[in-house]
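**Student:** Go ahead and model the full structure; you've got the sequences and the hints to work with.
Heads up: the protein sequence lines correspond to chains A and B, in order. At position 134 of the first sequence the residue is numbered 134 (the working numbering), and the sequence of numbers has no breaks. At position 65 of the second sequence the residue is numbered 65 (the working numbering), and the sequence of numbers has no breaks.
There's no promise every hint is true.
Some chain A residues well away from chain B (every beta-carbon gap over 12 Å; in silico) [said to hold, decoys possible]:
id, residue
1, V128
2, N159
3, L195
Straight-line Cα separation of at most 30 Å, DSS-like style, residue types lysine-lysine; simulated pairs [stated by the list, open to error]:
id, chain 1, residue 1, chain 2, residue 2
4, B, K45, B, K110
5, A, K198, A, K83
6, B, K45, A, K4
7, A, K183, A, K83
8, A, K183, A, K198
9, A, K198, A, K86
10, B, K110, A, K4
11, A, K183, A, K86
12, B, K216, A, K183
Computed spacing ranges between beta-carbons, pair by pair [unchecked claim]:
id, chain 1, residue 1, chain 2, residue 2, range
13, A, N111, B, V188, 48 to 58 Å
14, B, S59, A, T186, 32 to 42 Å
15, B, K216, A, N111, 32 to 42 Å
16, B, F92, A, A18, 14 to 24 Å
17, A, R192, B, H211, 25 to 35 Å
18, B, S118, A, A163, 50 to 60 Å
These are calculated hints, taken from the structure and not from any lab test. For glycine and all other residues, C-beta sits at the position ideal for the given N, C-alpha and C.
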Amino acid sequence: MKRKGPILTLAAGVVLAAVLMVLNINATRSTPTAAAPTDKATTAATTAAPAPTTAAAVVPAGPPVTYAGNVVGGGATIAIAVKDSKAIAYLCDGRSAEAWLQGTAQNGALNLTGADGAGLTGTYANGVANGVVTAVGRDFSFSVGTVEPPSGLYRASANVANAEVVDGWIVLADGTQVGTQRKGATITSAPRLNLPAKTAVVDGVTINATMLDGTRL
Amino acid sequence: MAMIPDPAPAPRYAPDDPTYRPVAPQPPQAPPPPAKASPNRSAMKLIVPAVIGGLVALSLGVYGNLHEGTLVAVNIAGFSNAIRAKAWLATFAFVFALVQLVSALAMYGKLPGIHAPSWTGTLHRWSGRIAFLLAVPVAIHCLYALGFEWSSPRVIIHSLLGCFFFGFFTVKMLVLSRRGMPSWALPVFGGLVFTGLAGLWLTSSLYFFWHTGSLKF
Numbered sequence: 001m002k003r004k005g006p007i008l009t010l011a012a013g014v015v016l017a018a019v020l021m022v023l024n025i026n027a028t029r030s031t032p033t034a035a036a037p038t039d040k041a042t043t044a045a046t047t048a049a050p051a052p053t054t055a056a057a058v059v060p061a062g063p064p065v066t067y068a069g070n071v072v073g074g075g076a077t078i079a080i081a082v083k084d085s086k087a088i089a090y091l092c093d094g095r096s097a098e099a100w101l102q103g104t105a106q107n108g109a110l111n112l113t114g115a116d117g118a119g120l121t122g123t124y125a126n127g128v129a130n131g132v133v134t135a136v137g138r139d140f141s142f143s144v145g146t147v148e149p150p151s152g153l154y155r156a157s158a159n160v161a162n163a164e165v166v167d168g169w170i171v172l173a174d175g176t177q178v179g180t181q182r183k184g185a186t187i188t189s190a191p192r193l194n195l196p197a198k199t200a201v202v203d204g205v206t207i208n209a210t211m212l213d214g215t216r217l
Numbered sequence: 001m002a003m004i005p006d007p008a009p010a011p012r013y014a015p016d017d018p019t020y021r022p023v024a025p026q027p028p029q030a031p032p033p034p035a036k037a038s039p040n041r042s043a044m045k046l047i048v049p050a051v052i053g054g055l056v057a058l059s060l061g062v063y064g065n066l067h068e069g070t071l072v073a074v075n076i077a078g079f080s081n082a083i084r085a086k087a088w089l090a091t092f093a094f095v096f097a098l099v100q101l102v103s104a105l106a107m108y109g110k111l112p113g114i115h116a117p118s119w120t121g122t123l124h125r126w127s128g129r130i131a132f133l134l135a136v137p138v139a140i141h142c143l144y145a146l147g148f149e150w151s152s153p154r155v156i157i158h159s160l161l162g163c164f165f166f167g168f169f170t171v172k173m174l175v176l177s178r179r180g181m182p183s184w185a186l187p188v189f190g191g192l193v194f195t196g197l198a199g200l201w202l203t204s205s206l207y208f209f210w211h212t213g214s215l216k217f
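**Tutor:** Written out as structure tokens, the structure reads:
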């Protein structure tokens, strides 16, 4: 005797999976991206793109410049603060993954490294930073523009209730904040950063954040 | 098809497999025929379900490897973040899988002194359906937001088990829906499904609860 129950169970699973995938694709499509979201093909495109800019590039020097935006494909946001040949980058998803990187910005080239094998290589010129960042176990390519204060990269570090708390925020041009908080070994969403006060409340304690200019964390 | 007739009505709580014998004490009679391959029942019939199951496992693995994890997916209401939601949903699925295991043992008469009541089959089928349907959103999130990962042994095992689990489950459902399957097929694939889910839970939820030291939702 053929029974339909098991096949219906499989079918229910497939339908559920399909519905969730559609929701997922919609959810990630609505995250604003700086470039067309294709998966592996874009890496080749972005590494080819910076070639023409090295000759007549306007390389920013002197005042700090912050590049910020979402990575290609969505899912994470990156900010790179550059000043006087030094750079600091922060990649985070606003929920549970983040990476801090430090390094150099010279002659239009970005080279940064961070903990756990994180690394960023790229170029910056004419108000746009392009490149690839490897962090939290995968590669992201990015092509992001500059942002003006009060948008930028912020960091707060404090000891709250006997725990080391480090918060990072990327404030985008439209005021959107993406930030994560590391307390001990746990990473969660960061609390809201109050601007222009540059404060945040962690476990009832108000802590101060500074805007990073690229020279020191 | 020649078959030793059933004794006077015994509760039909078992899956409709003609080779299965009720556990209730029976009047002495000739032992049931050994479940060897006969023209109507043979291991050859497993080939199609096994191939289909293999294709399911393979497809999941290929998708996981080709798709670049987005780090975000649609949120599940009621949980503080996606990882907590998954850890708990997977735990509930595992609890239902334990119900599966115990009810299966009861139906096959392997629990000494325990006589499976007539609703055991229904309990087994429904606990299985719930476990499977709980596992689907977890797997979708894993695949969509993270993809197939090679970064550590735990993650490699989890990625492989995830593919195998859904493959084995597909085979088990197909075996149930057809006639003439060898009698060992169901216990073997049921066991593989359970082992797969147990391994998945150990390499994800247990690891996560252990390392974050928190069981909160």
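**Student:** Does each hint fit the structure? Answer for all of them.
**Tutor:** Checked hints:
1. V128: holds (22 Å)
2. N159: Nearest chain B Cβ is 19 Å from N159/A, so the label holds.
3. L195: holds (24 Å)
4. K45/B <-> K110/B: holds (27 Å)
5. K198/A <-> K83/A: Given that 30 Å is the threshold and the Cα spacing comes to 21 Å, the pair holds.
6. K45/B <-> K4/A: Satisfied, since the Cα-Cα distance of roughly 18 Å is no more than 30 Å.
7. K183/A <-> K83/A: holds (29 Å)
8. K183/A <-> K198/A: holds (19 Å)
9. K198/A <-> K86/A: Holds, at roughly 23 Å.
10. K110/B <-> K4/A: Holds. K110/B to K4/A sits at ~27 Å (cutoff 30 Å).
11. K183/A <-> K86/A: With a Cα-Cα distance of about 27 Å, the restraint between K183/A and K86/A holds, given a limit of 30 Å.
12. K216/B <-> K183/A: Measuring from Cα to Cα gives roughly 16 Å; hence the hint holds.
13. N111/A <-> V188/B: 48 to 58 Å: Holds, since N111/A and V188/B (Cβ atoms, about 55 Å apart) stay within the stated range.
14. S59/B <-> T186/A: 32 to 42 Å: holds (35 Å)
15. K216/B <-> N111/A: 32 to 42 Å: holds (40 Å)
16. F92/B <-> A18/A: 14 to 24 Å: holds (22 Å)
17. R192/A <-> H211/B: 25 to 35 Å: holds (27 Å)
18. S118/B <-> A163/A: 50 to 60 Å: holds (55 Å)
Hint compliance for this structure: every hint is met.
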